[in-house]
Each structure stands twice: as structure tokens, then as C-alpha cells.
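Participant: One-letter residues, chain by chain:
Number of protein chains: 2
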Amino acid sequence: MAIILDGRATSEKVMEELAEEAKRLAESGVTPGLSLIITGDDKYSLRYVKLKQRRAESVGIYVDFHQLEETTNEELVSLITKLNKDPKIHGIMVQLPLMEGLDEIKVVDAIAPMKDVDGLSPNTLGKLLMGEECYPPAGVEAIMELFKRYSLDVEGKHWLVAGETNFLSKPLAAYLMNRKVRVTQVGPGCPHLPDLVKMADVVSTELFKKHAVTGDMVKEGVIVIDNGNNYEGKNVYGDVDPAALEKASAYTPVPGGTGPMLISMLLRNTLKAASS
Amino acid sequence: MAIILDGRATSEKVMEELAEEAKRLAESGVTPGLSLIITGDDKYSLRYVKLKQRRAESVGIYVDFHQLEETTNEELVSLITKLNKDPKIHGIMVQLPLMEGLDEIKVVDAIAPMKDVDGLSPNTLGKLLMGEECYPPAGVEAIMELFKRYSLDVEGKHWLVAGETNFLSKPLAAYLMNRKVRVTQVGPGCPHLPDLVKMADVVSTELFKKHAVTGDMVKEGVIVIDNGNNYEGKNVYGDVDPAALEKASAYTPVPGGTGPMLISMLLRNTLKAASS
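Residue numbers (our numbering), protein chains in the order written: chain F, 1392 to 1667; chain U, 1392 to 1667.
Treat the hints as calculated values from the structure; they're not laboratory data.
A portion of the hints provided could be inaccurate.
[Said to hold, decoys possible] The list that follows gives simulated cross-link-like pairs (lysine-lysine, DSSO-like), each with its CA atoms no further than 30 Å apart:
1. F:K1571 with U:K1601
2. U:K1610 with F:K1571
3. U:K1497 with F:K1571
[What the hints assert, rightly or not] Calculated Cβ distances over 12 Å to all of chain F for the following chain U residues:
4. K1404
5. M1406
6. E1407
7. R1415
8. L1416
9. E1461
10. E1555
11. H1583
12. D1586
13. F1599
14. K1610
15. G1624
16. A1634
17. K1638
18. G1647
[What the hints assert, rightly or not] Simulated coverage check for chain U against chain F, where a stretch passes if three residues somewhere in it have a Cβ under 8 Å from a Cβ of chain F:
19. 1423 to 1436
20. 1558 to 1566
21. 1572 to 1578
This one's a predicted model, so the numbers in the text were calculated from it and none came from an experiment.
For each residue, glycine too, the CB sits at the ideal point set by N, CA and C.
Start from the sequences and build out the full structure, keeping to the hints where you can.
Facilitator: What follows is the structure, encoded as C-alpha cells:
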């Protein structure tokens, strides 16, 4: 029987721990503060950031919310620069993608490394690659937290990172290079995906394609980390076919796997930043 | 017949081009300036930095040389901060490893990204991972320049990065993740090295062990990038056995492969920084 890596249940446990940690911080006179910044007026993104706000407030984090419906690189960078210096703010999260016309690298590069609790800035990603202390992207933290809570080993595994975004797959590969893992990374279009999946002990996917990894591709006992989020109407499907999960020793379900972990990981980084 | 990727000849060509570029810059009123910083009194390192100085001066770069035999993190960071603001200085290189007692990450993190011509800072490495513009470490540039000059393709290859330093193998893997390559990275101690070498189209090694990659490991037609530098008395040997090179379609010799390219790549980054 495969272990189901339950992101909802794990996230709830983490949230309880965070509430206790925030209480301890409050008793020592520190109110953790998180700035949430969203550009443009995309309703889906706005709803997600509002959810982050409610969750943050539910564990006792002060939220400083900014929606910039119209803005420029200069204005956004100047807001971030101000927040970098604000002692009430311990973490800064900018919702990506930015609205059209803004320069993502310039914006994330402005976030001070010690406040980069969502792991977006080049400085953070460089430290992740070097194996130095930093706040890794929530997606990376989510995966490693599930491994930890379910006592799965990373060391010695051959891990296929199938994906290439700057907020998940590439940082994950960078992180794994410091964990005695054989890491193989490929983009979603790679024609050799079947052969690479076949040899992997762990497969993490970010392929943007429903059931792209099929049952015949995986080896028996594989661990599957499915970061897929493929909508068909109201239904959401992972990148990995159920037939592949039948052969897995452990896997993240979709929905209910890594997704629900993301906000709690952001908030945990915020509390770490507030207590350091 | 294998193509021998001749680092000495290529480096000489690059140096000629750099001298012309520096001349053009001088005519437009810019003297490129490079700060070279060395800590402690290791004779071998000092000799190497002095060689960098001579080479830099030979193409018309102004060198600002600092040897700090005794220093502290604070003093070193304060020197770098001063140089970050100095308009005569376009590039800053700190020789690693630092003398005992100094904090490498704190020091390299102080170098301004736009002057980090040796690609040591977390900011640079993060940009490399993201596929953003930056000055990659000289070791990475050396390899990619040899590929370019000998018209070897990167795209579509399966590249085994066997090594895990912060100045070569991990940044190389990060860079390759943005080049439509299947990248597999492992540390030198990996027991699965033979299997991984077998499947690779390109093998780059940083194994610190004479002839660790043997003839039976590689596949016919492999491209070998040997970054080994293993001394036995006055002789230097690569990480790859000559029997493996016999099966290669192209390889870097040791000595005379990537090593001689390093200084010219540092200087090229310096000229780029001076002209931007």
C-alpha cells in the first residue's frame, strides 16, 4: 500500500505549530509582520493572496496588504525598498506573475534576502544552490516537509526533477544538489522523459499536462511528487496518471498534495524571519 | 579522431580579442579596472593572483591589487563595499579559499552583482539558475566558450556534471538547466558514477582523483570536459583515464584544457562590466 502524502492534514498540523510559535513570539514582544504585494487585477490571483492574508492572520501574523492595480517598476521597487527597512515587516511576498509591463527579475532582486520569505530573489536561489542558509521557495519547502513528516529519505536517491520554473523545479534541483542525491533535471518538452522516469527513485513533476507520466513509465516503488494543477472545468488533475500511482511507494494526491502546503511554508518562513 | 579542445590556443585567441576590445574602450575614454583581493599568505595562491594581474595588465586592464595577510570579515567586507562604489573599478575578484577564520559566504555576498566578474556571489548564482543575465563563474564560461569555438552543440544532450563545488559544477548544472539539456549532477563519492557516466553524451568532471573515470565507463562518442588537476610530484593528471579519451568525440586535455581558459574568461567578464 502506497503512503499518501497528505498535504491538507500536514498543513493543518504545521498551522497549529505556527500559531504556538507566533504566541511565543508575541510573549517576547515580537509581532511577526508580512507584506503581501499584488499587481494588476487578476481575480484568481487576488483571491489567492487574500487567502494567504486570512491564513497569516489566523496564526497571529500582522499582514500589510498592497494591491497595486496600476504601477511601474520604479514604484514597485521603491515600495519594496521601503519595506526592506521597515522594522515591523519581517517578510515580503510579491505575487507572481506580475502584471504585464513589469520586470520580474528587477522586482524580485529588490527584496532584501533576510525578508525574502517566499524564496523568489536571485540571492536566495544562489544560496540554495550553494547549500547556504536561506528561505527556500514554498514549493521546495512543501516537498521537503512532506518527506520529513512521512520519514522518507532523500539521501542516495536518484531524483528526476521534471520541470523548469524559477519558483519550483530549478530551485528544487539546486537544493537537492546539496543533499547527496543524484539529481536529473529536464524541461517539460523533453522527448526522453519516459527513459528518465524509468530510472528514477523519486519523480517530481511540473509538466502542466494532465497525466503526462503514465503507468508504464515509472518503476515499482517510485515516490511521486505531483505538482500538476491541470484544470478541466471544475476538476483538477495531476501530471501523473493514476496507473503510475498504483506502482508508487508514496505519492502526493492531486488535489490535496503539495498545493495545500504552500501557504503554511510561506508563513513558517515568515515566523523564522521574525524570530531571527 | 577526437577533437582536442585546446584551451591554451583558444585562450590566446580570446586574449587578442580582449586587447582589441580594451583598446576600443580606451578610445572611448574608459579604462577597465579590476580589483584583485587575496587574503593570507599562501604562496601558490599569491602566484596565481599575480599571474591574473599580469595577464590583465597585458590586455590594458588597470589592476587594483590587495593582499591582506591578516584581516577580519568586517575589514574585508568594508574594503569590498568601498570598491563597489568606486567608479574606476568595474570588476572585483576575491581569491578563494579565503584564509582561515573568514566567512566565505558573508564575503562573496558583499560583492555588488554588477561587479561580480568572477561569478562568486549568491546573487550571480541565482541569476544563472534563473537563466538571467549575469557574469558566470570563469569555469562555466571556459567550458561554454570551448563548446562555441569548436562548434559543439549543447542542446538535446544528456550532460553528467560529476562534481559539486560552488565555483564550477553546481553553477554549471544551474546554467545547463536553461539550455534544453538533460542535466544529471552527482558528487564525487557517488557509487553510481559508472552507470551515470555510461548514459551521458557529455561528462564534465571535478572529482579530485586521478583517472577516476575509466575507459569502460564511457560510451563511444562522448564529449569529455576534464576539470581535474591532480598532482603527482611535478606531473598533473586529469580525472579521466586516457583509455576513456580514446572513445571520445571531443575532449579537453589535462593540462591545457579548461585550466588555461580561466583567466581570460575573468578578464572578458571585466571588459563586459566596463562597457556596460
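Participant: Determine which of the earlier numbered hints do not hold for this structure and return their numbers in increasing order.
Facilitator: Numbers 10, 11, 12, 19 - these are the hints that the structure violates, sorted from lowest upward.
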